[in-house]
Amino acid sequence: MMESRVRIAVIRFPGVNCEDETKRAVESQGMDCDILMWNGPRERLAEYDGYILPGGFTYQDRVRAGAIAAKDRIVDCLFEEAQAGKPVIGICNGAQILIESGMVPGMTPGKVEMGLARNIMPDRDGYYTRWTHLRVESDASCVTWAMSSLDVTSIPTAHAEGRFVTIDEGLIDRLFENGQVVMTYSGAKGEAEPAFPYNPNGSTRGIAAVSNSSGNVVAMMPHPERAAWLSQVPESLSGHWGAERRGAAGSRRILAEPGPGGEVFTSLRTFIVERLRGRGGEA
Amino acid sequence: MIERVVLTVALKVTDNETLSALEALRTKMGMADSIVGLAREVQWELDVEADSPESARCVIAEIVERTNVFLNPNKHRSTLASTAHGYDGLDDDEVAILVTDRDGAESAAAVAAASRIGVMGLRKASRRIRWRVRLAEAPSPGDPGLLPLLRRIGVSSDRGTGLFSNPHSQTALVAFPWGDEKPLDA
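Protein sequences, first through last, are from chains V and R.
So the first sequence is numbered by this note's numbering: it starts at 316 and just counts up by one.
So the second sequence is numbered by this note's numbering: it starts at 106 and just counts up by one.
You may find that some hints are simply not true.
Quick list of the computed label-pair ranges, beta carbon to beta carbon [stated by the list, open to error]:
hint, chain 1, residue 1, chain 2, residue 2, range
1, R, 171, V, 361, 41 to 47 Å
2, V, 529, R, 171, 54 to 60 Å
3, V, 426, R, 242, 25 to 31 Å
Just so you know, the hints here were simulated from the structure itself, not pulled from any lab data.
Note that the structure is a prediction, hence the values are computed from the model and not measured.
We treat Cβ as the ideally placed atom computed from N, Cα and C, and that holds for glycine.
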């Protein structure tokens with residue numbers, strides 16, 4: 316029996332600006348994707364297998380990045396869908412919404428247990444963008460399902476408030492022990508806890524992505540949709556993906572192949588097919 | 106000698122951030138019966154190396170006049186003082202929720218920016234947001250429901266409650282019109 320295609324909804328809040336490229340990246344990995352308005356009919360959400368909150372500046376980052384969007388009713392609906400096991404990925408500003416709404420890390424569901432604070436960088440302030448190397452700390456999440464722990468990938472970051480912090484003593488250790496720290500910033504060969512600029516924002520222990528305990532809700536600061544194709548990788552990048560890119564120079568066919576961010580969307584599809592639907596294709 | 110100057114900055118044009126916050130509180134967070142108005146100020150506590158309080162104020166006045174480090178005079182109005190309490194100037198039906206970033210990252214940047222443009226006297230800057238919340242009922246010191254209400258307004262401890270401060274990255278104080286201040290973090 317033919318399995319129905321995976322359907323993903325990208326949620327367009329006022330102020331997001333990455334919804335179109337996120338949709339293209341999802342579709343490039345063999346999934347269907349629609350962009351839904353944040354204030355649209357709630358019942359439509361149930362039609363989808365998973366959800367992505369894309370990057371941008373919801374409500375112009377007023378008060379605090381993600382703080383106002385976290386209070387929108389659609390977040391309550393996403394919370395219910397996530398409770399049923401469906402994946403919800405927040406990318407950058409989407410991650411800020413998931414953290415501000417308490418969906419991640421969700422040790423006590425709905426309780427705000429972390430913050431994404433302003434970047435701390437030597438001799439700089441505010442918004443900062445660069446390609447980062449990331450070490451996969453857990454392959455049990457919906458964004459790393461097709462990867463292996465300790466794999467190193469490379470994805471760009473671009474934000475002013477991306478530093479994972481908490482005042483809950485011991486929480487960070489528990490997140491590592493539970494496999495809820497999904498990715499950390501690393502050196503090009505996976506070296507742990509690097510300094511700036513490899514850790515671009517001063518994030519606690521280099522954390523770049525955190526999930527809930529089931530791995531189906533992930534707040535990640537890097538932008539995988541900006542690394543979905545090899546052609547998007549800069550030739551100057553160090554590490555494996557930079558070498559791949561330089562090796563593909565001049566070949567349009569190879570440059571059109573998936574880049575490092577593509578693995579995130581492959582993971583999303585396989586997570587849904589293998590874990591949510593089961594290998595028999597059951598919904 | 107280090108002298109302290111408090112620079113208070115507010116928009117003189119429409120403050121869209123305040124409008125969005127008020128809208129979120131009243132319509133998304135169910136506070137329409139409790140909150141009737143909102144205003145926002147940024148307070149900078151600035152430590153200046155100077156011979157006297159007057160010369161310290163002159164240093165800050167020069168920064169304000171010549172640079173955009175703290176404000177844009179086309180859009181903002183500002184006042185200078187030697188001290189500022191959270192409760193200064195509150196009406197009887199207002200409280201102030203004062204939010205400070207735990208690490209003060211933007212404050213160090215302000216000092217560095219002032220230094221880069223040649224203002225050498227500024228030694229330290231700390232910044233807080235002062236949200237002036239106008240309540241439907243004037244607050245009273247004996248009301249046991251007041252502090253819980255202000256926490257539901259001010260501190261993001263749960264999904265759906267609290268807006269102004271994420272307690273993991275910020276601290277919050279509340280100031281009352283009768284001249285009292287209390288920590289708001291749970």
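Do the hints match the structure? See the list:
With their beta carbons about 58 Å apart, residue 171 (chain R) and residue 361 (chain V) fall outside the hinted range of 41 to 47 Å. About 55 Å separates the C-beta atoms of residue 529 (chain V) and residue 171 (chain R), a value consistent with the hinted range of 54 to 60 Å. Take residue 426 (chain V) and residue 242 (chain R): their Cβ atoms lie about 29 Å apart, and the range 25 to 31 Å holds.
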